[in-house]
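Visitor: Sequence lines, in order, name chains A, B, C and D.
The working numbering puts the first residue of the first sequence at 1, with every later residue one more than the last.
The working numbering puts the first residue of the second sequence at 348, with every later residue one more than the last.
The working numbering puts the first residue of the third sequence at 695, with every later residue one more than the last.
The working numbering puts the first residue of the fourth sequence at 1042, with every later residue one more than the last.
The hints are simulated quantities; they were obtained by calculation from the structure and are not laboratory data.
Zero decoy hints are in this set.
Under the rule of at most 25 Å between Cα atoms (straight-line distance), these lysine to any residue pairs were calculated in the SDA-like manner:
no., chain 1, residue 1, chain 2, residue 2
1, C, 713, D, 1068
2, A, 28, B, 366
3, B, 678, A, 34
4, D, 1265, B, 477
5, D, 1381, D, 1045
6, B, 571, D, 1170
7, B, 349, A, 24
Take a look at the letters that make up each chain.
Protein chains: 4
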Amino acid sequence: MKISFENDYSQSAHPAILKALAEDAESKYSGYGVDPLSDRAAERIREACKAPNALVQFVVGGTQCNSLLIDIALRSFEGVVCADTGHINVHEAGAIEFTGHKVIGFPSTLGKITAEQVEAVGLANRTEPQPGHVVEPKMVYLSQPTEVGTLYSLEELTAISKACRDNDLYLYVDGARMSYALASEYNDVTLEDLARLTDAFYIGGTKCGMLIGEALVVLNDSFKPHFFSYQKQHTAHLAKGWLLGLQFETLFKDGLYVEIAKKADRQAMRIRDAFVAAGVKEFLPSPTNQQFFILTEEQFERFSEKYVIGKFMMIEEGLWAVRFCTSWYTKDEEVDTLCKDIPVLVG
Amino acid sequence: MKISFENDYSQSAHPAILKALAEDAESKYSGYGVDPLSDRAAERIREACKAPNALVQFVVGGTQCNSLLIDIALRSFEGVVCADTGHINVHEAGAIEFTGHKVIGFPSTLGKITAEQVEAVGLANRTEPQPGHVVEPKMVYLSQPTEVGTLYSLEELTAISKACRDNDLYLYVDGARMSYALASEYNDVTLEDLARLTDAFYIGGTKCGMLIGEALVVLNDSFKPHFFSYQKQHTAHLAKGWLLGLQFETLFKDGLYVEIAKKADRQAMRIRDAFVAAGVKEFLPSPTNQQFFILTEEQFERFSEKYVIGKFMMIEEGLWAVRFCTSWYTKDEEVDTLCKDIPVLVG
Amino acid sequence: MKISFENDYSQSAHPAILKALAEDAESKYSGYGVDPLSDRAAERIREACKAPNALVQFVVGGTQCNSLLIDIALRSFEGVVCADTGHINVHEAGAIEFTGHKVIGFPSTLGKITAEQVEAVGLANRTEPQPGHVVEPKMVYLSQPTEVGTLYSLEELTAISKACRDNDLYLYVDGARMSYALASEYNDVTLEDLARLTDAFYIGGTKCGMLIGEALVVLNDSFKPHFFSYQKQHTAHLAKGWLLGLQFETLFKDGLYVEIAKKADRQAMRIRDAFVAAGVKEFLPSPTNQQFFILTEEQFERFSEKYVIGKFMMIEEGLWAVRFCTSWYTKDEEVDTLCKDIPVLVG
Amino acid sequence: MKISFENDYSQSAHPAILKALAEDAESKYSGYGVDPLSDRAAERIREACKAPNALVQFVVGGTQCNSLLIDIALRSFEGVVCADTGHINVHEAGAIEFTGHKVIGFPSTLGKITAEQVEAVGLANRTEPQPGHVVEPKMVYLSQPTEVGTLYSLEELTAISKACRDNDLYLYVDGARMSYALASEYNDVTLEDLARLTDAFYIGGTKCGMLIGEALVVLNDSFKPHFFSYQKQHTAHLAKGWLLGLQFETLFKDGLYVEIAKKADRQAMRIRDAFVAAGVKEFLPSPTNQQFFILTEEQFERFSEKYVIGKFMMIEEGLWAVRFCTSWYTKDEEVDTLCKDIPVLVG
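The following block holds chain A by itself, in its conformation from the complex (with noise of 0.2 Å):
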């Protein structure tokens, strides 16, 4: 059996989730999240974010996330910015534009925009010289950690959001892999700078450790008012929202949620340094658990015979972007394995 390197979602969820799940079995709770746990659930993630005052809402998956706030939070003529590699402008299939809103990617260095870019769209708004016939770029999007692992610093993610205000502009943030953007070594952004920064950002379950969820995370009043009915219309409402609760509880009691990611992290190095002695070189230096090399088609194939990988990119016929990602339930053995194997199978 091959051992898997294909995403961090490839396995049901960290034992303490199905220990309380198997614990919690014969509870009975009032549906679509009006139940006690998702409020002290809500209440463990507003105290992690030092926000009081957040509105915390547990949805399914990362998709309908981003979905459901943009569409709450934009009017039907603004649009969101995001790096041209950002997950809603590339793999939601056209889910955000599907409830009316134009998504405008920008080039991106290491999958992130820059404060510079972000100053650039509100000169944009001040200066169009047709207004209202334009679509208004009104939100930032960027995910930490990004669509390719890498991390927005402090001073970044203060630059940006500087910038977002500045220009009137909501900055928004997707963090569908959280903790590993959480437990790496080398991040300096904390939840509660997060709630400090932006309007509104989601603590990813779903590749973090849970079965399923998300949970967004809305600082900006404006964007509080009829949740529930929007997150209904956007067929975004479990019925059995309590689990979603239940889950969140477990990983936000003491520290679980980064404690489980560290690990992957770290076994993440040790998998990027191998590639690096072996003479492999990187599509780009991520610090977090998603770490891509560049293959060529040979080698990929013999790396396939005993790893479940994924292609991520063509770089040109027969050369290819290739993520090997670790997640909370890789084994270290499985990383001992692999990277006694690199050097062989690089060839």
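Go by the hints and put chains B, C and D onto chain A.
Guide: Using the frame of chain A, we list chains B, C and D on its own:
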């Protein structure tokens, strides 16, 4: 602690599912429903439906099933006809209209529409003096059991199906509580009948013993292409898709899906008999797990002190249709207690 | 050549408009309604409505007015209530649903809904057991005259307006044939009343003497921001916007708008009297330019040999409600001929 | 009074159209484009395109053409590729996204994209590692002339068309200013070429001598069914549809459509020569009626005292691309005056 007859989605999942989940905790799968568990569950459902060519796709919730299937099936100017009490007409916060389609509610009796009404739709389509200016009704939506627990007989369903086919209309059946229909002693409609008579239907899991999940069974070939893309854009894809497959495989083994609903239906009949014996009027006669009785505000409050129940509809000022709902997790002793209390609390 | 009573948009424009157009043929204007002609027309309409703060915006057609205004006014999960015969419910091919909003048709008498029905909507909103799961009706739409030519009295409209305000609902009036309402001897509702009693309404041009064009009168301040952008995104902006201003300025000079409709209403009354005298049943009593009579298929065909008329609705197999429509361009001699023919052709 | 080079839609309509309108003032027609004038105009256009099977449908404005045709052609998850400067990407306030489709802007040179870029789209579609997760580009949109006045040569267009067909992509051409392309001495693309090489295109009227109106020419059979219904739902139907037919019939008689644009193109060349002679830099070389020059804020203001012109884009702080636009109604003397002023006002 109160006894809950609030609904059929107040408790986790059937022990067989929790067991399967625990045993599968270390398995690895590819994402988004491309996995052997989903394949096996789909195959099992195709067999149960005797529909070897059906596309079976797993989705998180019922509103998602409806929103997704209807949007795939209909052109933007085509509408869907249903009972005025239909879930898509009253309890989805406009999710169908959100994707651009008109929902046309028809007067219903006991939550059901008739083949005659469907014929009338066809006649109106053919005699419309201004075709092109009107929404063209193109699909008939119904639920089995209906929103109010009643059942279409095989005769009724066959007549509706014939009326649909004679008039070039699609037939789609919402089976959020399908197990309680299949389990009812009053029922004569099988999954095989549904596969034969409809263009698509879904088999509910959330209310029928699963944590989450519904299975869309797509018979009409014209709905099948690009299903994955539509599902993604509708935010209706679960990253850990195999979780849905695992649950359906479990429930469709050895008839467990229907077995666990039988008890609930029997309990419902006992509750019905106790209310009727106490001189309380049924809101309507329901042969499945949802029972509705007409109670005064005072009666509702007396029951509410000991039981979790819900108002369904205001009949008039101070008079309510109140729902008592059994489920796969309702205990016989809970029903014993209720039946003993009914004559007392009715007052 | 047949005489046309087909509708009120079968002929070009009133001579005064064609003259104004010819005289203005060499003028230059900026585009998209930012021009002095549009400003002057808007001012004239504000004066006629005694509504100095109204936003008056010109749009090409009636369906565009409805689609644009309703989408601006409502949140995505909010719905609009109307008579089941309302234009948005039956003759716009789902244009309102296309922008995501539910249209909720109510049983109507003579094409009208009542203040009592509006009160009932408010009561239902307040007592809804599952708010957040349902579309929230938030606007009442009606037409003056209605789709079938009838009129709301000032008393009826005042009661509906009060019911709307008491129940936190918007009131919007579709005035596609407004001139024929204002001109009717049975009418007691002025533009000033409409401006006082509604949140928005539109004054029709296309059917009232213009080539194209309608004037949206927006009273509610919350509908006003970003109107230009919404209009552009809805494809509801005319590049040569001044063409609409020019036409409205012409018709709102010296009462021409109402004057030319008076003749049409009088002609309609003559037609009505002639049919009634011939023993033909009215479909309903209409005090404006649209008259509906119940004719057999044979009668319809006899009339159709000499007149262009249209079937409105099938009453039963072989029996139709047929419309005879006068307009600003109907000649008295054409009505003379028809009135003479009626007893003969009725047979 | 200032001389206007603001745009090509600042004046009413060509005298031949106003005359035809005046002469037809008393005719009667059925509504919504079902009339002999529309039929004749469509036939004339089919002949000009040598496309006997084309569906020709008249629409009010260019944004409506684009929104309607693209929404009819594409499935909801399919996207449309265009130059980053394309009208649908920058000047329609998100009208395409409003109907749910992603617009994908590509880097362009002189407002044009290339067959190589189209080939790359096809390659990306075929090698996409995660089909189903991404928007599938399915249509190429371009304008002739482009948003900045440039022209695709027949060689370029043929190559793009071939690339589209080889890669299963539709080709759609926006011809808002088509007459100025056809009239240009630099042009070698005919209507017949467009009908042969594209799946659909539209022939602009609003900017080419008409009051309002554009003609959609639909070649691909799969776009034709239910066109009327889609058009109605998109609010893109004109009640007095024959007004559009009348205008196109007039312009497509004896080559008037192209004839009146020739003068405008020649005038544009004179303006270009005068600016170049005065040492002003062209923003880009345009062979049609729109000319763009790079002026300082001061120069722009000097010109603005005597001429109505518009800023197109900010090049840098204080430096603008400014548009001088000729049209069918521009007088030679106005160009004489401008050409004399240019060396003086450039300063």
